[in-house]
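Peer 1: These protein sequence lines map, in sequence, to chains L and H. For the first sequence, position 212 (counting from the first letter as 1) is numbered 212 according to the working numbering, and the numbering increases by one without interruption. For the second sequence, position 57 (counting from the first letter as 1) is numbered 1057 according to the working numbering, and the numbering increases by one without interruption.
Hints should not be assumed to be uniformly reliable.
Claimed, not checked - Every beta carbon over 12 Å from chain H, so not counted as near; a handful from chain L, in silico: (1) G47; (2) V152; (3) V153; (4) I156; (5) Q163.
Claimed, not checked - Sample of chain H residues facing chain L (criterion: CB under 8 Å; computed from the structure): (6) L1016; (7) K1025; (8) P1026; (9) V1027; (10) E1028; (11) D1060; (12) P1094; (13) N1097; (14) S1098; (15) M1102; (16) M1105; (17) G1168; (18) A1169; (19) H1198; (20) V1220; (21) W1229.
Quick caveat, the hints were computed from the structure, so don't treat them as lab data. We treat Cβ as the ideally placed atom computed from N, Cα and C, and that holds for glycine.
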Amino acid sequence: MALSNMPTETNSKSAMAEGDVLIQQPATPEPDNKAPLELLLAAAQDGDCAAYRQFLTRITPALTRMISRKVPMADVEDVLQNILISIHRARHTYDRTRNVSPWVAAIARFRLADYFRHHYRAEITPLEPEMLDMLHYQQQDVTQEAELPELVVEEIKKLPPRQQRILHLLHQEGYTAKETGERLGMKESAVKVAAHRAYKRIRARVGRKPDVA
Amino acid sequence: MEDKGSEAMPNGIDRLIDELAENAKPVECLHCVAHYVLRLGTVLVLFALAVGIWLGLRDDLMLQWLRPAYAVEILLLGALALATLIAMVQLAWPDANSQTAMLKMPYILTGLLITLMLLQILLPVSDPIAAGMVIPSDAEDHHFFCTLWIAALTAIPSFLLFAMLRRGATTQPGKAGAYAMLAAAAVGCIIVRLSEPHDGITHLLLFHYLPTLFFAGLGVLVGRAALRW
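Throw the hints in and build the complete structure from the sequences for me.
Peer 2: Take a look at the structure:
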């Protein structure tokens, strides 16, 4: 961690260096729901705890939605916490003359990339979240809970042999897409496309099954 | 960016926000890009001047300035050092200070420099001696010393450039590290080119500019390790 080299926090307002663009801000704006995020963060840089709390609270739902689209539900909170901590560590880099959205988005993307790098280096393959999400998506109620995996297994058996083999290697044997491709003599991208088509097919067929009474 | 209506957040996030808000002491913000470029640029120029004076300039320097290829090469190296320095400073901000156009300039200028070198191979001067070029003979074994000099002249200012980057919070640590090393190496190349009286294109490519690209690649690895936050 580079915390020791991060700028130290001071207890007094820092003087802006010559040449910096100054925005004439009112003295610590009253934090309310109408204050722009830029002003809240600027106030937070000056030590306003209430403004900072409001800033973090207001950006959290949008960050949560963005993360949920890319990450399994079980990991959303962890990733969100990492992003909020990163925003806290990097708040001295926010330029008050600029829009805050690109700044927050850049930090969020950076931490998401970190998550993917660590997550997919482990045993879990890149395609597993899609499989899990598909199972969650299809789950109607608890009475179907026991039936759903069987339905999925049944549909997997109806897939072309190559797609069955790919899903077996990815999810049973735990190989990555690249390793699966090496074993089957396919390119990594071809493995991913074949797996995606298999999921699509299973999702469509499992979705059409009549509800279990 | 924000959500108009508040959604229920997990308790862990609530607690984290409370903790972060309580620790919201005033911070010393980064200055503007121009501030750092001027400071670092001044240090690099003074460094180049000091080393140049110590090494001494090549005797035929004024003659070489009349040779267009030499003059353009030095100017391109200077432009590369400056553009890379600006791009590096911008990368200290997570969003690259919202100005991404400058980030492409180092690639363009490096491409122009390599193109200039290759043109001199494909369209060689008919009489290098009359043109004032000094071609090292194969018997000379000083070639690798050029690379060592450039390495030493790269390493020293690199520390300063990395120190500046660590003050920020870059989201592209590899690229930032590469630009830091490239800027320092470009300054090193200028110093060596102004003091060393050898103009062989193959020599320049193999022992000046190829190592420069290697140092930039090394900067990617150093950046990823040293610029974490």
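Peer 1: Now tell me if each hint is right for this structure.
Peer 2: Hints, one by one, checked against the model:
1. G47: 4 Å, violated
2. V152: The claim holds: V152/L sits with its nearest Cβ about 29 Å from chain H, beyond 12 Å.
3. V153: 33 Å, holds
4. I156: Its Cβ never comes within 12 Å of chain H, the nearest being 34 Å, so this holds.
5. Q163: 37 Å, holds
6. L1016: Hint on L1016/H: holds, closest Cβ of chain L at ~6 Å, below 8 Å.
7. K1025: 4 Å, holds
8. P1026: Holds - the Cβ of P1026/H comes within 8 Å of chain L, reaching about 4 Å at its closest.
9. V1027: Holds, because the Cβ-Cβ distance from V1027/H to chain L comes to roughly 4 Å (cut-off 8 Å).
10. E1028: Holds, because the Cβ-Cβ distance from E1028/H to chain L comes to roughly 4 Å (cut-off 8 Å).
11. D1060: 41 Å, violated
12. P1094: Interface hint status for P1094/H: holds (4 Å vs cutoff 8 Å).
13. N1097: 7 Å, holds
14. S1098: 5 Å, holds
15. M1102: 15 Å, violated
16. M1105: Check failed: Cβ of M1105/H comes no nearer than 20 Å to chain L, outside 8 Å.
17. G1168: 6 Å, holds
18. A1169: 4 Å, holds
19. H1198: 41 Å, violated
20. V1220: 15 Å, violated
21. W1229: With a closest approach of 4 Å, the W1229/H hint holds.
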